[in-house]
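Peer 1: Below are the chains, spelled out letter by letter.
There are 2 protein chains.
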Amino acid sequence: MKHLLLAAAAASLVLPVYAAEPAPVPSPGEIAAAAPASDWIAIAPSDLLVMDLAPDAKGKPRRVVIQLMPAPFSQGWIGNIRKLAAAHWWDGTSINRVQDNYVTQWGDATEKKPLPEGLVTVPESEYVTTSDAISEANATHLDGNSDASSAAAALGDEITASEERSKAAQISIDGTRTKAALDGWHERDSYAPWVEIFNEWPVGAEQMGEGLWRYWPVHCYGAVGVGRNMSPDTGSGAELYTVIGEAPRHLDRNIALIGRVISGMEYLTSLPRGTGPLGFYEDEAQRIPILSVRLGNELPAAQQPKYEILSTSSVSFHRYVDARANRRDPFFIKPAGGVNICNIPVPIRPVAAK
Amino acid sequence: MKHLLLAAAAASLVLPVYAAEPAPVPSPGEIAAAAPASDWIAIAPSDLLVMDLAPDAKGKPRRVVIQLMPAPFSQGWIGNIRKLAAAHWWDGTSINRVQDNYVTQWGDATEKKPLPEGLVTVPESEYVTTSDAISEANATHLDGNSDASSAAAALGDEITASEERSKAAQISIDGTRTKAALDGWHERDSYAPWVEIFNEWPVGAEQMGEGLWRYWPVHCYGAVGVGRNMSPDTGSGAELYTVIGEAPRHLDRNIALIGRVISGMEYLTSLPRGTGPLGFYEDEAQRIPILSVRLGNELPAAQQPKYEILSTSSVSFHRYVDARANRRDPFFIKPAGGVNICNIPVPIRPVAAK
Numbered sequence: 013m014k015h016l017l018l019a020a021a022a023a024s025l026v027l028p029v030y031a032a033e034p035a036p037v038p039s040p041g042e043i044a045a046a047a048p049a050s051d052w053i054a055i056a057p058s059d060l061l062v063m064d065l066a067p068d069a070k071g072k073p074r075r076v077v078i079q080l081m082p083a084p085f086s087q088g089w090i091g092n093i094r095k096l097a098a099a100h101w102w103d104g105t106s107i108n109r110v111q112d113n114y115v116t117q118w119g120d121a122t123e124k125k126p127l128p129e130g131l132v133t134v135p136e137s138e139y140v141t142t143s144d145a146i147s148e149a150n151a152t153h154l155d156g157n158s159d160a161s162s163a164a165a166a167l168g169d170e171i172t173a174s175e176e177r178s179k180a181a182q183i184s185i186d187g188t189r190t191k192a193a194l195d196g197w198h199e200r201d202s203y204a205p206w207v208e209i210f211n212e213w214p215v216g217a218e219q220m221g222e223g224l225w226r227y228w229p230v231h232c233y234g235a236v237g238v239g240r241n242m243s244p245d246t247g248s249g250a251e252l253y254t255v256i257g258e259a260p261r262h263l264d265r266n267i268a269l270i271g272r273v274i275s276g277m278e279y280l281t282s283l284p285r286g287t288g289p290l291g292f293y294e295d296e297a298q299r300i301p302i303l304s305v306r307l308g309n310e311l312p313a314a315q316q317p318k319y320e321i322l323s324t325s326s327v328s329f330h331r332y333v334d335a336r337a338n339r340r341d342p343f344f345i346k347p348a349g350g351v352n353i354c355n356i357p358v359p360i361r362p363v364a365a366k
Numbered sequence: 013m014k015h016l017l018l019a020a021a022a023a024s025l026v027l028p029v030y031a032a033e034p035a036p037v038p039s040p041g042e043i044a045a046a047a048p049a050s051d052w053i054a055i056a057p058s059d060l061l062v063m064d065l066a067p068d069a070k071g072k073p074r075r076v077v078i079q080l081m082p083a084p085f086s087q088g089w090i091g092n093i094r095k096l097a098a099a100h101w102w103d104g105t106s107i108n109r110v111q112d113n114y115v116t117q118w119g120d121a122t123e124k125k126p127l128p129e130g131l132v133t134v135p136e137s138e139y140v141t142t143s144d145a146i147s148e149a150n151a152t153h154l155d156g157n158s159d160a161s162s163a164a165a166a167l168g169d170e171i172t173a174s175e176e177r178s179k180a181a182q183i184s185i186d187g188t189r190t191k192a193a194l195d196g197w198h199e200r201d202s203y204a205p206w207v208e209i210f211n212e213w214p215v216g217a218e219q220m221g222e223g224l225w226r227y228w229p230v231h232c233y234g235a236v237g238v239g240r241n242m243s244p245d246t247g248s249g250a251e252l253y254t255v256i257g258e259a260p261r262h263l264d265r266n267i268a269l270i271g272r273v274i275s276g277m278e279y280l281t282s283l284p285r286g287t288g289p290l291g292f293y294e295d296e297a298q299r300i301p302i303l304s305v306r307l308g309n310e311l312p313a314a315q316q317p318k319y320e321i322l323s324t325s326s327v328s329f330h331r332y333v334d335a336r337a338n339r340r341d342p343f344f345i346k347p348a349g350g351v352n353i354c355n356i357p358v359p360i361r362p363v364a365a366k
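Those sequence lines, one after another, are chains A and B. Under this note's numbering, the first residue of the first sequence is numbered 13, with each subsequent residue one higher. Under this note's numbering, the first residue of the second sequence is numbered 13, with each subsequent residue one higher.
Looking at chain A on its own, in the form it has when it is part of the complex (with noise of 0.2 angstroms):
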């Protein structure tokens, strides 16, 4: 805190002091920016699906790069999202669905072309994963800065400082639960029991009985998913989509979650909605032509996708949880004391080459 009271002192000299206000303090942004490079982790390209789709109408080219999701969330699709995109499988298909505050869509318009071999059928119970997946993921994660109980602390010392006390700050170990839960923000909301951002990712969760957990990644905004027919079919994983809207959290648990945007999101999201039901295209002149979709590994070394993301066990990303809980920086008059998971977006940032 001593650092944070310091700022404020000096900024009260040249900024505009209303009385009885909080001093200037930074934003979540301004928090991510100054965190020190021990607290971003950086991607593998191998994790990296990158997505050109053909030029705009001006030639611009338009690349999305997509983050694949770590076990033990959707393991068996991304089997299959690896196998499809070693495949070129999705070279030639096209976005043919766009429906205003919901999804953009992409594959095969023809849903006639044939899929490589070896996909797996993945049941639906894969929609979850339980407490022992999770403490293996734990344990397994490469984090710099995995004590999250020393960031919470760190943390905890920090907001007993301020003013707001924030409830998404509120980190406080719960016998009942492991480390991982402090791994971040928890709180329940309107869709899950238990909400957290465990290891970079936000998750849903439910108690099934002492010690048991049922975990499942949410559908927060970028989002990507994998279509699918109706129950028991789960999809392959070649139809996929984004959420380019409000988070349609009623579909977690019932449709596969698979990874996110990283960078792109606007090519996907600027686009025609479609007028045909559900928002498909109903002119095949509207689609968008993808003309490649590859691992990042696979592009030549220096074409593959570098970022990083910032830690969630860091005391970094504590910070900038309690700041979009509460923001106390200049424009704000009143701060929420309270924030959804799917408006705290974890921080990622490209690395500039060497």
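It is worth saying that the hints were derived from the structure and are not from the lab. Quick caveat: nothing in here was measured; it's all calculated off a predicted structure. Think of the CB as a built atom: it goes at the ideal place given N, C-alpha and C, for glycine as much as any other residue. Worth double-checking, as some hints may not be accurate.
Computed spacing ranges between beta-carbons, pair by pair [unchecked claim]:
#, chain 1, residue 1, chain 2, residue 2, range
1, B, 73, A, 245, 49 to 59 angstroms
2, A, 310, B, 94, 54 to 64 angstroms
3, B, 54, A, 126, 51 to 61 angstroms
4, B, 49, A, 289, 22 to 32 angstroms
5, A, 363, B, 284, 23 to 33 angstroms
6, B, 75, A, 46, 23 to 33 angstroms
7, A, 289, B, 205, 33 to 43 angstroms
8, B, 122, A, 137, 57 to 67 angstroms
9, B, 75, A, 128, 42 to 52 angstroms
10, A, 244, B, 223, 45 to 55 angstroms
11, B, 66, A, 289, 21 to 31 angstroms
12, B, 290, A, 315, 28 to 38 angstroms
13, B, 75, A, 133, 44 to 54 angstroms
Here are some chain A residues pointing at chain B (derived, C-beta under 7 angstroms) [claimed, not checked]:
#, residue
14, 113
15, 346
16, 348
17, 354
EDC-like cross-link-like pairs, simulated, lysine to aspartate or glutamate; straight-line CA separation at most 16 angstroms [as the list claims (entries may be wrong)]:
#, chain 1, residue 1, chain 2, residue 2
18, A, 346, B, 136
19, B, 346, A, 138
20, A, 346, B, 138
21, B, 346, A, 245
22, B, 346, A, 123
23, A, 70, B, 295
24, B, 346, A, 136
Fit chain B to the given chain A structure using the hints.
Peer 2: Frame of chain A; chain B shown alone:
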């Protein structure tokens, strides 16, 4: 419930039946479409703002219709909006900012156009309104079906008979609240101790003392608000924005809302994102010209916009909310058991000319 059970029984003769799964029931959209005429309320053309953008690249007209919020919400700003529209002040201005997952904003890019006389400076205290104003609004609400207690009771019967008891439908009379609180769905969320849909508008509320509540409109997708500079400035209403992504609820009580887009939202969401700071267009040529903005009643009678909205006091609306919280239509396998207030768009439909 009888009708639903009969419908489900009939459907089971022709649809595949999965053991132990409930028979198909209507989707939220089907429930709204089946609502009787008496559940719909006409929206006065004088409460609609009609904004015509320049035609798109293919010469297609782009008309956006905005419903203005009724008293007691944002009435100070609404007066300004009506004056600006009457003065045709927005004609010749433009859309200047499109920030992905946040807002599309329009107004005078030069910031030099003189404002019409008579605009009111609205104080920050008007970001919220009080119980008294709410009671008055409820008493004067033009509602063909305002017996919310009956609606709640009718829904209660239905829900008791259903397998999945909906949190959204747990409509019980709270001793400290008035009938207004029953007008739709209510539950606390991350941003407010209480949220509900009051007389067709989503609002947050907070109890300030015995019988004393404060209410405020909330930022959902399509909400229209008033741009402002740093506090204590609250904006005149000349600069407007609409939400085009995940609901930025941290803006609640920090900035004024004046209505919502009810038609033509796709013309505001499918625009290229601005590449300048905050998503402003860097090049003047990128701005989208606004040809005219008129109050609906200022248009020739035959061109006046005709819409109606589903009364949030109606049994149909309560069923609609329950269905949104517990999707049991055939695509779904796991109803959520809850719903975020911004995932309950109040059904609105155009009325065909007679």
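Peer 1: Range hint 28 to 38 angstroms: satisfied by the CB atoms of residue 290 of chain B and residue 315 of chain A?
Peer 2: Distance hint for residue 290 of chain B, residue 315 of chain A holds at roughly 30 angstroms.
Peer 1: Does residue 354 of chain A pass the interface hint, meaning its C-beta sits closer than 7 angstroms to a C-beta of chain B?
Peer 2: The hint holds - residue 354 of chain A has a Cβ within 7 angstroms of chain B, the shortest such distance being about 5 angstroms.
Peer 1: Would you say the C-beta atoms of residue 75 of chain B and residue 46 of chain A sit inside 23 to 33 angstroms of each other?
Peer 2: Violated, at about 45 angstroms.
Peer 1: For the pair residue 363 of chain A and residue 284 of chain B, does the Cβ-Cβ distance stay inside 23 to 33 angstroms?
Peer 2: holds, 27 angstroms
Peer 1: Hey, residue 70 of chain A versus residue 295 of chain B, does the alpha-carbon distance stay inside 16 angstroms?
Peer 2: holds, 15 angstroms
Peer 1: Decide if the proposed pair is consistent with the structure: residue 346 of chain B and residue 245 of chain A, CA atoms, cutoff 16 angstroms inclusive.
Peer 2: Within the cut-off at roughly 14 angstroms; holds.
Peer 1: Using the beta carbons of residue 73 of chain B and residue 245 of chain A, state whether their distance is inside 49 to 59 angstroms or not.
Peer 2: violated, 41 angstroms
Peer 1: Would you say the C-beta atoms of residue 54 of chain B and residue 126 of chain A sit inside 51 to 61 angstroms of each other?
Peer 2: holds, 54 angstroms
Peer 1: Minimum Cβ distance from residue 346 of chain A to chain B below 7 angstroms?
Peer 2: Given a least distance of 4 angstroms, the restraint on residue 346 of chain A holds.
Peer 1: Can we keep the residue 348 of chain A interface hint, with Cβ of chain B closer than 7 angstroms?
Peer 2: holds, 5 angstroms
Peer 1: Quickly compare the C-alpha distance for residue 346 of chain A and residue 138 of chain B to 16 angstroms and report which way the hint goes.
Peer 2: This hinted pair holds, its Cα atoms lying about 13 angstroms apart.
Peer 1: Under the criterion that the straight-line Cα-Cα distance not exceed 16 angstroms, is the pair residue 346 of chain B, residue 138 of chain A satisfied?
Peer 2: holds, 13 angstroms
The structure fails to meet hints 1, 6 and 22 from the earlier list, while all remaining hints are met.
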